[in-house]
Each structure stands twice: as C-alpha cells, then as structure tokens.
Amino acid sequence: MMAAIVACVVLLSLGAACLARSRSQHLSVETLLVADRALPAPMLFILTVGEIYSIGSIVAFPAGLYAHGISYGYWFLGYLLLAFPVGYFVGPAIWERARRYDACTVPEVFGRHFGSRIFERLTAWGCIAALVPWGQFQFIGLRATLGMMGLPGAPAAGLAGCAVIAFAYVALGGMRASTYVAFLKDSLMLFGIAAVGVAAICAQYGGTGVHVAHPVVFRQPAVTDMVFAVSTIVYQGVGFYFQPSVTPYLFTARSAQAVRKAMVFMPLYMLMYPFAVFATYFAVRSLPPLHNANGVFFHVANVLLPPWVVALVMAGAVLAGLLVLAATSLNIAAMMTRSIMPRLAHGHPRRAINLGVILFLMLALVATAHAPAIMLTALNISGYVGIQFASLWFVVLLDWPVSARVAGAGVVCGAATAIALFASGLSVGGINPGFIGLLVNCAVVFCPLWRGRRVA
Amino acid sequence: MNPDRQPDRPDWRRVALGLGVPFMAIVPVAPFLGFLSWTIMGIPVILVWMFVWFPLTSLCLWLCEQRS
Chain A
1 MMAAIVACVV LLSLGAACLA RSRSQHLSVE TLLVADRALP APMLFILTVG
51 EIYSIGSIVA FPAGLYAHGI SYGYWFLGYL LLAFPVGYFV GPAIWERARR
101 YDACTVPEVF GRHFGSRIFE RLTAWGCIAA LVPWGQFQFI GLRATLGMMG
151 LPGAPAAGLA GCAVIAFAYV ALGGMRASTY VAFLKDSLML FGIAAVGVAA
201 ICAQYGGTGV HVAHPVVFRQ PAVTDMVFAV STIVYQGVGF YFQPSVTPYL
251 FTARSAQAVR KAMVFMPLYM LMYPFAVFAT YFAVRSLPPL HNANGVFFHV
301 ANVLLPPWVV ALVMAGAVLA GLLVLAATSL NIAAMMTRSI MPRLAHGHPR
351 RAINLGVILF LMLALVATAH APAIMLTALN ISGYVGIQFA SLWFVVLLDW
401 PVSARVAGAG VVCGAATAIA LFASGLSVGG INPGFIGLLV NCAVVFCPLW
451 RGRRVA
Chain B
1001 MNPDRQPDRP DWRRVALGLG VPFMAIVPVA PFLGFLSWTI MGIPVILVWM
1051 FVWFPLTSLC LWLCEQRS
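Line by line, the protein sequences give chains A and B.
Read in order, the letters of the first sequence are residues 1 to 456 in the working numbering.
Read in order, the letters of the second sequence are residues 1001 to 1068 in the working numbering.
The following block holds chain A by itself, in its conformation from the complex (with noise of 0.2 Å):
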C-alpha cells in the first residue's frame, strides 16, 4: 500500500508538472532557467522553500539530533536562520545584478562582471564541481527512502525511475514546473513533520499537559563542538545565498522588492523544526538505540502513525529528492550549454540542456551504485568549495575594482585552504575549514586593493 501511495503523489507532482507547461504560453530557454524572471513573491517563496528544505530536512536533521545531540541541532537551525536575514539584504542586489547581466546562470554574472569568457568558464567548472556531490546526494538520500519503504530489492530500477521523473520536471517546465511540484512537495512534507511531531508529543506527555522537569537526552556539546558550531553558523549563514547550488533560484523572481518580501516569511517555514525536534526526542527517550541513526524519523512515524499517513511521510521525502536533483541537474547543464561548450547547444539550445541532463543523471546514477562512500566525501568537499563563491559575489555587489585574475586566485586559495584542512584533519581551535577558507579568500581578493589604496 504505500508504495502505491507514493506512486500516485509522484504521478500526481507529474500532473502539476503538466499544468505547468499548460499555463506557459512558450517555453524557452530563459522560462526553462528562471521562468522567464516573472515569479512574484508567494511563487518564489513557494520554489526556494522548495529547494531549500530538501530530503535533508527530514533524514539528517534528526539523525543529526540524534546522534551528534545539541551542538548539532543549534547548527542546523542557526545557519538556516541566519542565512534569510543576510538574504534579506543580498537577496535583491543578486537579483539586480543578474538581469543586468541579462544572466541564466551564476557563471554568466561572472563572466559579463569581469568582461572575461575564461573566467566564466572557470567558474563554471568551480559550480559544477560543488554542485555535482549535491545532487548526488539526492540520489543517496532517495535511495535510502526507498529502501525504507521496502523496495530494496529493485534500488538500481527504483532509482532509473527516480531519475526520469526528474528529467520529466525540467522537460516540462524547468523552474516553472518545479515551482507547482514544490507546493504540492511542502504540504506534504509540512503535514508528515507536523503528523510525526505531534504524534510523539501525545505520546510522550499523554496529552496531559502537565510537564516536570526532564533531564537532557541529547548528547551535550563540548567547548569546541560549540566553537565548530558558532563557525559553521556564520560561514554558512552568511554564505548560503552566494552558494551556486542556491543564488539562480533568485533569478526567477519578478523584481527585487519580490526577493525581499518571500525573504521576509522564509523563517515562519522552519516552524516545522520543532516538530522534529519533539519526534527525536521520543525515539531518544522512548524507544531502543537504532544502529542507523538515517532512519530515526520514519521509525517514529512507523511506530506512532498508521501505515498510510507513513506513506505521505515518505513521499513528501521522495518529492523533497526528486525537486532538487531536477533543479541541480538542470543547473549543472546550463552551465555545461551556455558557458562550457556553447557551441555545442548553438542553434538548439533547449535539446542541449535536455541532453546534459540526461547526461548529468545517467552518470549521477552509476556513481551512486558504485561509489557511494566516496561521493559523501565529495559532498563535505563540496560544502567548503561552494561558499568561497561569496568573494565574488562581494566584488560583483560592491563594484570593487578587482580584477579576474585576482579574484579567482582567491577563490582557489580559499577552496584549497578549506579542503587541506579538511583533508588533514588538523584542527585550528575546532572553528571551520570553510570559514578559515574563506577569510584566506578574502584575505587574497580584498588585501592588494587596500594596498593599492594606501599607496594611492
């Protein structure tokens, strides 16, 4: 039964794929990118929530809890939180600068700021390399859930299906479709985390509503688990819009005033976190160790919810997986068409951004049968390198006279410092790679301009 729940929720996100393509009176390459820059604020807040809030939300967040405890739970909420604020206020300058540059993609804003083809064809590569392990994860995190729910007996077939649903999406209408698949993704996922928390609020408390004191179940933090934590909030916080897995979803928007108001309510969505937040605890305190800490959440929905309100879960989970590889994939190939080998989608141009999906996901599907320890590594690597893009984005927003060569000097000094660290496990007083990383950057692009200043 719950697989076929989770078939029809997945032919029914197909359906709003369709109504997407319905209500598009042409479908070109910008209307496949960034919809056609025509998204008010609701759409938007509807498409970043969307893909900001992936199957990451409800798998590692409470197995996060669960297993690393309180310094795990402040991080996650902490950047998340953080990272609307500095979009609030970065938001809309991203947004203007993109249509200035008349710009699909984040490597295109580079290029035409610089005046370089190179440099845009770098930092194409740099993007892809970050976004490559992102959406592989999807395809880890999907894979998990469908082994949850039972089908870990067909994962190679599970997972071919998985891939042309989400080619289907960007076939239909690239941003457009995930907008309308993204509603019908949120209330499912809102209503499973919501389900499962309060399930396990009634049954640790009784529904009496008379509460003691509880000692603490989750693991308490040390000085420099904290340390790590407080880094981590800031690099990512600050960070996250700059991350190339994150900024073209605000090229989709209406206007810069559309940016700042989906901004506004974005923190209103992470009033979910609680519910998950109550559901780990039950399976803490009520229920026996798990070995797989990935599963916890849906092992509280399986025990406290009837099986097919555990199916919504689940395929609030699967949708969750499927819109954002969509989104990735579509990204990663209009890098590789518009940016990489433009000559190759001259004269067509949306068959080659069909093609290098295609591409992107046959190849992110052999990796994930066969490589999947290496593609985790891949995903923390990724996570130091797709921030160091903020540089740019720095020199891009405040119009500092730097040059191509410096910046991306920068950005690779940076990158390289985050994965050294990273690589050798050498700890600078528990605060962040990414962040030690990124101050390196800065250091590079930023310090010979007050050099040039003080001699001037």
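There may be inaccurate statements among the hints.
Stretch by stretch, here's where chain A covers chain B in the computed footprint (C-beta under 8 Å, at least three residues) [what the hints assert, rightly or not]:
1) 1029-1040
2) 1050-1057
Anything over 10 Å on all C-beta distances counts as not near chain B; from chain A, calculated [stated by the list, open to error]:
3) Ser28
4) Gly73
5) Phe84
6) Val234
7) Lys261
8) Leu271
9) Pro274
10) Pro306
11) Pro307
12) Cys442
Chain B side only, calculated, beta carbon under 10 Å to chain A, not exhaustive [what the hints assert, rightly or not]:
13) Pro1010
14) Gly1018
15) Leu1019
16) Gly1020
17) Pro1022
18) Phe1023
19) Ala1025
20) Ile1026
21) Pro1044
22) Cys1060
23) Leu1061
24) Cys1064
25) Ser1068
Derived by calculation from the structure, the hints in this document are not laboratory data.
All residues carry an ideal CB built from backbone N, CA and C; glycine is no exception.
Chain A is already provided as a structure; the job is to place chain B on it using the hints.
Relative to chain A, chain B alone:
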C-alpha cells in the same frame, strides 16, 4: 567592470534591525544557552531559544520592510 557605477547606500538602521538583532540572538548569545542543563518539555533551552527566534526573525524583517 563599470567603475562609474555607485553601489546602493545601505540604511544602517534597517541593517541593524533586520540583520544585527537576529545575528546577536543566534551567534553570541545562543552558545551560552547550550551549556545549560535546563529543559522545557525535555527540549534543551538552546533549541527552544532558536524556535522563539523563527517568528521573531520574521518580525524583524517585516519591520525592516515597513521602513523601506
């Protein structure tokens, strides 16, 4: 790169309200709550503090929007 362009001048009071206030609540204040053993319905006080700041952050941004 167009050197003749002037960046937009920020309204520092709006920045303080919309960014400064949530930042102070999340970054310098919250970590100290992480070491407290108090709980509310079993949930550590630092997480409850974060929950409270979900609507408060929206409120700060809404007030910023009203001033713009």
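With a cut-off of 10 Å on the beta carbons, see whether Pro1022/B makes it to chain A.
Holds, about 5 Å.
Holds or violated: is there a CB of chain A closer than 10 Å to the CB of Pro1044/B?
holds, 5 Å
Return the status of the interface hint for Cys1060/B: holds when the least beta-carbon distance to chain A is below 10 Å, violated otherwise.
holds, 7 Å
Lys261/A non-interfacial with respect to chain B [C-beta, more than 10 Å]:
Not fine: 7 Å to the nearest Cβ puts Lys261/A too close to chain B.
Mind verifying the non-interface call on Pro306/A? Its CB should be farther than 10 Å from each CB in chain B.
Label holds. Min Cβ-Cβ 25 Å, cutoff 10 Å.
For the segment 1029-1040 of chain B, does the count of residues with a C-beta closer than 8 Å to a C-beta of chain A reach 3?
holds (count 7)
Minimum C-beta separation from Cys442/A to chain B exceeding 10 Å: can you confirm that?
holds, 17 Å
Have a go at the Ala1025/B hint: is there a Cβ in chain A nearer than 10 Å to its own Cβ?
OK, holds: Ala1025/B within 10 Å of chain A, min 9 Å.
A cut-off of 10 Å on Cβ-Cβ distance, and Leu271/A was said to be off the interface with chain B. Does that hold?
violated, 5 Å
Minimum Cβ distance from Pro307/A to chain B greater than 10 Å, as the annotation requires:
holds, 28 Å
Measuring Cβ to Cβ, find out whether Pro274/A lies farther than 10 Å from everything in chain B.
Nearest chain B Cβ is 5 Å from Pro274/A, so the label is violated.
Using the nearest Cβ pair, does Leu1019/B come within less than 10 Å of chain A?
Because about 4 Å separates Leu1019/B from the closest Cβ in chain A, which is inside the 10 Å limit, the hint holds.
The structure does not agree with the numbered hints 4, 5, 6, 7, 8, 9 stated previously, though it agrees with the rest.
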